[in-house]
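J.: Sequence:
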Amino acid sequence: MEDIKYQIITPEDHEKIELIADWYLCEWNIPVQTTIEKIKNLSIRNDEFQILMMLNNEPIATGGLYNYVGLLDREPRLKVYKNWLALVFVKSDVRGKGLGALLCKYIQDYSKALGLKELYLFTHTAETLYKRLEWRQLERLDLVGKDIVVMKKEL
Numbered sequence: 001m002e003d004i005k006y007q008i009i010t011p012e013d014h015e016k017i018e019l020i021a022d023w024y025l026c027e028w029n030i031p032v033q034t035t036i037e038k039i040k041n042l043s044i045r046n047d048e049f050q051i052l053m054m055l056n057n058e059p060i061a062t063g064g065l066y067n068y069v070g071l072l073d074r075e076p077r078l079k080v081y082k083n084w085l086a087l088v089f090v091k092s093d094v095r096g097k098g099l100g101a102l103l104c105k106y107i108q109d110y111s112k113a114l115g116l117k118e119l120y121l122f123t124h125t126a127e128t129l130y131k132r133l134e135w136r137q138l139e140r141l142d143l144v145g146k147d148i149v150v151m152k153k154e155l
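Numbering-wise (the UniProt record's numbering), the sequence shown opens with residue 1 and increments by one.
These are computed hints drawn from the structure, not numbers from a lab.
A quick note: this is a predicted structure, and the numbers were derived from the prediction, not measured.
Backbone N, C-alpha and C define an ideal beta-carbon position, used for all residues, glycine too.
You may find that some hints are simply not true.
Distance windows between CB atoms, simulated [unchecked claim]:
id, residue 1, residue 2, range
1, Glu134, Asn29, 24 to 32 Å
2, Pro31, Lys112, 26 to 34 Å
3, Glu27, Gly145, 18 to 26 Å
4, Lys5, Asp147, 34 to 42 Å
5, His14, Lys131, 32 to 40 Å
6, Lys117, Ser43, 17 to 25 Å
7, Glu134, Thr34, 26 to 34 Å
Use the sequences and the hints to build the structure in full.
T.: Following this line, the structure appears as C-alpha cells:
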C-alpha cells in the first residue's frame, strides 16, 4: 500500500527547501536562491505556506499558497486578489497518476482550515486539471505568446 504524507515546510527544513529549489530550477528555470529566500520568508500568519508531498517517505511533489506571484508584475490590476495557489510541481516519474490533484486538494483543504474563503491561480498548462477540481475561469490573458487562464476556487 502506498503511503502519502504532507509536510508544511518551515525555514529550518534546509535540505527540503534546497530540493524544492532544485526542482523549480529544472522545471521553470527559477534561480535556486530566489526559491530558497521565498520559501524561508513565507509566513503562515499571512496565510502563506509551502507543502511537500511524500510518497512512501520519498519527496515527490510540492506547491504552495502565496500572496504574491510573478503574474502580478505584468498584470498589476490582479493585485486585488490574494491567496494564489502556485508553483505546483510533481516529479516527472510520478506524473499522470493523480498526485498533483491530491496535492492541490490538500492545499485547498488546508487553506480552508486557515479560514480562507477563496483561492486564485494562473496556468497555461494545467487548466483541465483545475477544472476537474472545480476551479472556474475568471479571465484569459495572452502573455508572451502563452494562453494564460486566471482561475478562482470558492472554498
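J.: Against the earlier hints, flag every one the structure doesn't satisfy and list their numbers going up.
T.: The structure conflicts with no hint, since it agrees with every one listed earlier.
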